[in-house]
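Asker: Based on these hints, arrange chain B on the given structure of chain A.
Listed here are the chains, written in short residue letters.
Protein chains: 2
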Amino acid sequence: MANKEIPYKIYLEESEMPRQWYNVRADMKNKPAPLLNPATLQPMTFEELRPVFCDELVKQELNDTDAYIDIPEEIRKFYKMYRPSPLVRAYCLEEKLQTPAKIYYKFEGNNTSGSHKLNSAIAQAYYAKQQGLKGVTTETGAGQWGTALSMACSYFGLDCQVYMVKVSYEQKPFRREVMRTYGAKVTPSPSEFTEVGRKILMEHPGTSGSLGCAISEAVEAATKQEGYRYVLGSVLSQVLLHQTIIGLETKTALDKYDIVPDIIIGCAGGGSNLGGLISPFVGEVLRGEKDYKFIAVEPASCPSLTRGKYVYDFCDTGKVCPLAKMYTLGSGFIPSANHAGGLRYHGMSSILSQLYDDGYIEARSVEQTAVFEAAEQFARVEGILPAPESSHAIRVAIDEAMKCKETGEEKTIVFGLTGTGYFDMVAYEKFHNGEMKDYIPTDADLQAGFDGIPRFPGNNI
Amino acid sequence: MANKEIPYKIYLEESEMPRQWYNVRADMKNKPAPLLNPATLQPMTFEELRPVFCDELVKQELNDTDAYIDIPEEIRKFYKMYRPSPLVRAYCLEEKLQTPAKIYYKFEGNNTSGSHKLNSAIAQAYYAKQQGLKGVTTETGAGQWGTALSMACSYFGLDCQVYMVKVSYEQKPFRREVMRTYGAKVTPSPSEFTEVGRKILMEHPGTSGSLGCAISEAVEAATKQEGYRYVLGSVLSQVLLHQTIIGLETKTALDKYDIVPDIIIGCAGGGSNLGGLISPFVGEVLRGEKDYKFIAVEPASCPSLTRGKYVYDFCDTGKVCPLAKMYTLGSGFIPSANHAGGLRYHGMSSILSQLYDDGYIEARSVEQTAVFEAAEQFARVEGILPAPESSHAIRVAIDEAMKCKETGEEKTIVFGLTGTGYFDMVAYEKFHNGEMKDYIPTDADLQAGFDGIPRFPGNNI
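Taken in order, these protein sequences are the chains called A and B.
Residue numbers 1 to 461, in the UniProt record's numbering, belong to the letters of the first sequence in order.
Residue numbers 1 to 461, in the UniProt record's numbering, belong to the letters of the second sequence in order.
If we strip away everything but chain A, and leave its shape as in the complex, we get (with noise of 0.2 Å):
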C-alpha cells in the first residue's frame, strides 16, 4: 500500500464521506474560555444566547464535551452538491522546487462561493429553517462569507440579510452581484438601518466601514426583526465544527493511501480555515496518537497570533456581542488600508488561540508581497488562481518545502487551499504594477487597537 500510487488529485467516494463533525474541544485538556456576558462578567447561557443564535448552533457552541456531532441528512445532501473536494498532490509544484518535499493541498475553492465558507453556511442556514425562521443576518468583508450564505439560504428559501463593508461593497461589485444572484439583500456598512450603524456615521461621517462594524449592524438586525438570528463565518466554535469536514476528508484521504503529514499549513483570520483542516490532526496530538507540526500563517500587517495579547475582548466595533478571550490585537485595531487580502480580523478562534497558548501550533507572519509572490508562482504551475488569504498558506508551503531542498528531507507537507482570487483581481494587478506596498504595525499601532476595552478580570494590556 505504501507504494501505491499516488493521483494528482484523490477523490472520495460518496460513500467515505465523513457522517459526522469532530468537536476538538471534547479532547482538549484545557478548555477554550467561555463566552462571557460584557455586563456580568459570567459565562453566556443558553438562554442568553439564544435570541441572537439559532437554538442549535448555541447548543453546538457550548458543547465542549462531545466528540462527535452527527451532521444531519440535509446537509450532506448539499454537501454532496460540490463535496467531496480533492486533495492534490502538488507534483507540478514539487517539480518546479526541485524539492524532495511531497506537497498536498485540500482546495476548498470549486463552489460559487470560492471558499471553505459554504461549508458553515450550509449548516447554520439549515438549523435556521430547521427552527422555522424567516431569515438571517451577517455582515461580510471580502465577500466571500456574504457569498456562501446567500447560496445557502437560497438552497432553504430563507432570506437572507448582508451587511457588507463599505468599502468592499463599492470596490467589489461583481461579489454584490453574485449575492443579489442568490436573492440576497446586501447593505453597505455603516448603514442608516440600525442604531449602531447610525452611532458609527455620526462619530465618524466619511467612514468606509469595517468588519468590527458590520457585525454590530448585523447582531442589532437579527435581535430588531422576528424570527431572524444572526450568524457568523469564523470564530466561533461552532464554525470551527462545521469546517472539521475540511480536516476530516482529508484524513481520510490520505490514510486511503497510507501517507502521513509531517507538516500541516493554513491561513489564519478568524481561524475556520486553519481550525477546521487541523483538528482532526490535533486531535490525535491531543490523544497521544500521533505528532504533527502545525503552522498558522498570517498576514504581518494583522498578526493577531504572533504580536498579539491573550485576554478577553470584544468581537465587534459596536461591543454588542459578548467577550471572548483571544489572541487578539483589540477590537479597535483595523489592519492598514494597503493590506490587500481577508484575515483581517483583530481576534482568532478561542478553540486555536488556546491550542497556540498550549504550545500545539507554531504561528507565522509574512508580508503580502512575498505571498503575491507565491500566489503567482503557484497558479502558474499548478493552474489554480489562489486567493489572496490562502496564497499566505501556499508561501510558507513553498517555504517549507525549501527548507527540505536544503537538507535533502523528503517531508509531507499538507496544506488548505481555502479558494480561488477571480474577485481579488485588483490587489493583482497591484501586485502586477509594483504598487503593492508591505506594512507592518508597530508597536504603538498595535497598542491603539486596545484603548478603550476595559480592564476585564484577568487582563493584562
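Simulated from the structure, these hints should not be mistaken for laboratory data.
Source: prediction; values computed, not measured.
Only some residues are given here: those of chain A computed to face chain B with a beta carbon under 8 Å:
no.: 1; residue: 7
no.: 2; residue: 8
no.: 3; residue: 14
no.: 4; residue: 82
no.: 5; residue: 110
no.: 6; residue: 111
no.: 7; residue: 112
no.: 8; residue: 151
no.: 9; residue: 178
no.: 10; residue: 180
no.: 11; residue: 182
no.: 12; residue: 376
no.: 13; residue: 379
no.: 14; residue: 380
no.: 15; residue: 381
no.: 16; residue: 422
Chain B regions said to be covered by chain A (calculated; three or more residues, Cβ under 8 Å):
no.: 17; segment: 11–23
no.: 18; segment: 171–181
no.: 19; segment: 381–388
C-beta atoms are modelled at their ideal positions from N, C-alpha and C, and glycine is treated no differently.
Answerer: For chain B alone, coordinates are given in the frame of chain A:
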C-alpha cells in the same frame, strides 16, 4: 448494474482517462469541406498552412481518416492537473423542476480559465513547444480562450501574445489581469502594431473591435515574427479534436453506470464545446450503433446554424485566413451591442456544419433574457454560477425536462456546462436590474453580413 446508485458527481479514475482523442471525421461519409486558399480557390496544403500553424497541428487539421490520435504524455500530465472533470447528476435541479427526466451535466469550469478552452490550449502550446517555437499569438473576445492559452504557455515557458477585442479589454480588466498573472502580453485590438490593425483603425477610427478583426491581427503577428505561430480556440477541426476529451470522459462515465442518454445538448459559438462533447456519440450514430438526439443551442442574436447559410466564407474580418465552408452569417456580421454573452462568432465549425446539413444535429436559438433566467434558476439549486455561454445549454435542458414533465417521459438529458460566470457579472447585473434586452436580427441585418463577400464557386448568397 442498471440499478447502481448514481452519485451526485461521477469522477473517473486517472487510469480511466482517455489516452486518445477521437477524430469524428474518420467516420463521416460526407467529409467537412476543405479549407480553400482564397487566391487559388484550391484546398490549402500542408505547405501553405505551416507558416501559420504548428506542423503537427496542420497534420491534425488535414487528417480526416484516422479515427484515434494519441494524446502525448506531457498533455495527459497537464490534463491530470484539472481533469477528469465531473459528470454531475443534477438531482437538485430535477427536484426543483419536479420532472421525471434525469439530468446530467459535464462541468468544465473547475479550472482557472473557467472553461473547456484549456483542453485545446494545452495541446496547441505543447506542439508549439515541441517544434521549438518561441511563442504563439492569438485573439480573445470574452477572455476565456486568452486565459486558457496564457496558462498553457506559462506551463511550457512559451511567449504568449493575445489580441483582445478592445471593448472587452476595457470592460474586462480582471480577465486581462488573470492573463498577466500567467505572463501573457495582452494588446487591445485593433492596434497600431499590425498592418491590418492600422488599416482598420484608419477606416473605422472609433471602432471597439471585433473577433474577426483580432484574428486578422493575431495571424499577421504570427507570420511576421520569427519562431511564432498562430493558435485558435474554436472553429478549427484540430480544436474540436482536442475537445473530444470532454465527450470521451462523458461517455466513459455514463457507460460505467449503464446510463444511456436520450438527448445531448451543448451551446454553440464556434462549435468547440459542442463538437467535443458530442463527437464520440455522433460516431456511434454514424457507425449505425446507437441513436441520440443532439441539440446545438445558439443565441438568437447570432444564429449561424438556424439562420445562416452553408457557404464558403472568410474566417476573419481582415480576410487574411483561408476560406472555410460553414454555416455563416457572413464575415461582416457583428452581433448587436446588447448581446451579453460569448457565442458571437459569425461562422461555425466545418465539422458541425456538415453534420447539421446532413441532419444529424438539431439547432435551436434562444433569447438572452430566457438564458439568464435559466442561469439564475440553475445557480440557485446547483450551486454553480454558470457562464452566459453555458447557460444557453441550461435553457434548452430545462425546456426539454419540462416537456418530460408534461408527457411523463423519463428521458435522460446530458448537457455541457462549459464554464463559470465569475467574469460576467456586468451581464448578470443588467439582468437583475431589468436592463437586459433581447434582440433578433432582421433579415436585412443578416444580409448585411454578406456584403463584400465575393461569390465563390458554389456560393449562393
